[in-house]
Amino acid sequence: MRAYTPKDNVQAKAYYTDRFYVSPQVPRHDVSSDEVFAADLETISSKFTVNESYIEVGQMVVYINASDIYGVLELVRDELSYTQLTEMSAIDWLAKDNTFEIFYQMLSMTKRKRIRIKYSIQNGQAVDSVNKLFRSADWSEREMFDMFGIEANNHPFMKRILMPYDWQGHPLLKTYPLQGDEFAAWYEVDKIYGKEARDIIGPEIRDTANIDRYDSERFARLGFEQPKGTKITGDEEPTVQTYQEDGGVFLITKFDKDASKIVDDPQR
Amino acid sequence: MAQIKNRLTPFFENITFDREDNELVLNFGPQHPSAHGQLRLMLHLQQEQIVKAHPDVGYLHRGMEKMAENMIYNEFMPTTDRMDYIASSSNNYGFALAVERLIGLEVPRRAKVIRMMLLEINRLMSHLFWLATTALDIGAMTVFLYAFREREYLMDIIEGYCGARLTHAAIRIGGVPLDIQDDFLHQLRSFLNKLPQNIKDYEDLLDSNRIWLMRMEEVGTVSTEMALSWGCTGPMLRASGVAWDLRKEEPYELYDEVEFNVPWSDKGDNFARYRIYMEEMRESAKILYQTIEMYERCVKDGQTDLMAHAPKYISAPKLDIMTQNYSLMQHFVLVTQGMRPPVGEVYVATESPKGELGFFINSQGGPYPYRLKLRAPSFWHTGILTDLLPGHYIPDVVSIIGTTNIVFGEVDR
Amino acid sequence: MAQHKVNYTQDGGLPVALTSIDKIVNWGRSNSLWALTYGLACCGIEMMASGASRFDFDRFGTIFRASPRQADVMIVAGTLTKKHAEFIKRLYDQMTEPRWVISMGSCANTGGMFNTYATVQGCDRIIPVDLYLPGCAPRPETLQYGVMLLQKKIRANHASKAQKAKRLM
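Protein chains in written order, with the working numbering: chain A, 58 to 325; chain B, 6 to 418; chain C, 2 to 170.
Each hint can be trusted.
Short, incomplete list of chain A residues facing chain C, as computed with Cβ under 8 Å:
id, residue
1, Met-220
2, Pro-221
3, Leu-235
4, Gln-236
5, Gly-237
6, Ala-241
7, Tyr-244
8, Lys-248
9, Ile-249
10, Ile-258
11, Glu-261
12, Ile-262
13, Thr-265
14, Glu-302
15, Val-306
16, Leu-308
Hints in this document: simulated from the structure, not taken from any laboratory.
Because the structure is a prediction, the values reported are computed rather than measured.
Each residue gets a CB set at the ideal place from its N, CA and C atoms; glycine is no exception.
Throw the hints in and build the complete structure from the sequences for me.
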């Protein structure tokens with residue numbers, strides 16, 4: 058019987074984990090330990106619901122409700138001087154509880170502080186676009202849509218950005234295999250030559266250790282290259298690669314190794 | 006001769022060229038010598054003026070974030086090389102620093118000094134390359150040849166250190182793998198001594214060149230609000246009136262011990278960015294002189310450690326692995342299974358030559374990152390073209406793309 | 002009247018060289034290989050470096066052209082992604098015969114380290130390739146050696162005979 062492989066997360070797994078191994082946790086500090094962050098959190102929590110907050114590796118993490126995101130970002134931009142949306146994207150937790158976690162990485166240049174605003178959405182739910190507040194979200198949200206399939210409401214151009222428009226599937230989902238699905242494997246062949254060319258061109262060689270020793274067209278027989286269709290017997294003469302024919306080339310001076318000057322110091 | 010049959014339909018099937026409003030749609034790229042890679046721009050033109058620009062990226066998307074989820078942390082290091090392939094070590098460094106912060110590692114001082122040297126050499130290489138390509142796009146072939154000459158000297162130095170010209174993988178999580186080679190300092194010094202004259206040569210060629218000025222001054226002006234809103238960082242932001250350099254503001258390594266200035270301008274146009282690149286090269290040279298002194302002090306003080314001592318995460322030095330049983334076992338486990346950082350999240354930003362290079366890592370305690378987000382500065386520097394290009398003329402497109410200094414390994418990842 | 006005896010066919014004779022059509026055409030083809038500027042990724046930087054001051058590609062008669070219609074050899078320098086695959090075919094079709102393709106670097110050869118959903122596993126799935134250069138990224142010397150080998154390959158052809166078009170399928 059074949060071993061069961063879970064389909065909800067097809068990424069690489071650790072092949073061995075000690076039974077007694079307990080992974081440590083990155084220390085999380087209380088927000089009150091930092092004055093600036095405490096004041097910021099006060100301002101946010103006075104207007105919006107804050108589900109959880111802590112400081113991790115010098116940055117404050119704030120969990121809010123999904124519907125509040127536009128208001129919160131407007132607040133931190135205008136009142137708390139977090140003027141830059143550095144980065145935003147999603148984390149796939151579909152295997153765990155069918156949710157995505159969205160994070161917004163904010164930077165304040167006057168306070169020299171970074172905060173991360175996070176919230177969870179259910180699978181299939183859309184987020185509110187913050188494109189009007191930060192233009193950088195324009196492309197980030199498109200990338201998030203491309204990679205996870207999470208749509209943003211009120212986005213002016215909700216289309217794929219990194220993958221082609223006619224691509225199927227969202228590559229960064231945990232259910233999407235690293236080497237692509239059936240559609241991805243034949244994408245370029247189908248598009249350029251059509252489906253009937255699949256047999257002629259053949260499947261992709263995804264095995265990195267694959268060597269066909271009789272494949273003289275490619276590089277398997279280095280130093281013993283033979284023309285295509287030659288029967289390989291195993292006692293071929295080695296082929297010597299020289300960049301010029303022995304007899305010299307018409308109208309070209311033959312390269313003389315002894316006559317050339319070798320420079321010792323490159324920065325002469 | 007019959008062409009090989011293919012199914013590709015004419016390219017602009019769905020675009021109407023015959024338009025009532027006299028608007029022309031021009032396709033630029035993805036194979037264009039001035040696109041600095043595989044940028045595709047759809048430009049809507051009224052006469053020669055751009056009214057709408059639509060950058061299309063993703064032609065170099067290779068799925069690095071997906072790769073990271075399927076690789077142990079050390080395995081991913083060479084992949085980061087291929088992000089901003091003009092300054093590979095800064096990517097290596099950004100990733101190494103993010104993992105170190107996640108684990109909570111402190112790197113030995115000598116390794117820090119070597120890392121700083123590599124970072125600044127990479128910054129010089131990147132800026133020289135930027136100068137060469139931008140000048141070539143604008144038509145200054147001589148500057149291209151000059152700047153590439155100097156860049157080759159730096160590549161020689163890097164090559165002597167790590168063996169590769171372009172894709173270095175010269176920085177490891179927890180330190181650096183090797184000490185610098187014998188003639189590293191000598192070569193670096195002789196390069197740095199010549200550099201001011203070289204920079205002056207470029208400036209003599211460009212600064213008062215009428216063509217250069219006409220295509221640079223008052224072209225591609227990015228206002229402060231626009232730069233902040235689009236998430237611009239690095240020279241793009243500094244040229245728009247915000248003196249923000251992560252090396253100064255959030256110092257990592259030993260940048261708080263070296264003295265350097267942050268050049269900035271409030272003009273925001275192409276010329277301001279060009280000036281900032283030139284000044285940054287001078288500042289990098291200043292930092293490199295100081296790191297040479299720091300390195301020599303390290304040697305004098307007898308600090309020989311190059312990798313942090315953390316047996317749970319970092320392999321022991323080679324000598325220990327070869328002589329001690331436990332180190333060998335630990336090394337074997339770390340190579341085959343990989344290190345397992347603690348559960349948690351970290352976002353670390355470093356100042357790469359292009360801007361803020363950030364790594365967001367979500368670790369669930371396994372040997373593979375659960376989620377790794379690469380925050381590449383060029384991504385937003387490409388996005389800003391949407392708002393920046395309208396109003397400009399066709400020739401300005403090339404010079405604006407040039408000065409935004411975008412690299413497509415980084416944009417598309 | 003002085004009697005001159007000139008051996009026209011030897012050195013020191015008149016500046017005339019006798020040769021065959023084959024040789025002169027192959028000489029022309031192999032020594033003015035104009036390459037398409039097709040830097041896709043990292044290898045493109047090394048391709049630029051081989052065109053720049055230290056490595057000086059012009060010695061080989063190799064000049065980079067931006068238009069496929071003027072180019073003889075396409076140097077696929079970098080990762081070919083599935084999104085871009087369509088364009089490599091278009092560009093290849095636009096090049097005039099005779100045309101050659103050099104696949105530069107691991108990514109163009111086999112997909113290299115990018116064994117992912119987005120990367121074409123070798124550009125020979127799309128277009129026929131004459132020469133594969135190993136390396137990630139290959140040094141400029143490798144590219145120049147590759148071009149020398151390609152020149153040798155071109156000289157082995159019979160220019161007077163019709164060339165059989167290279168076909169992928």
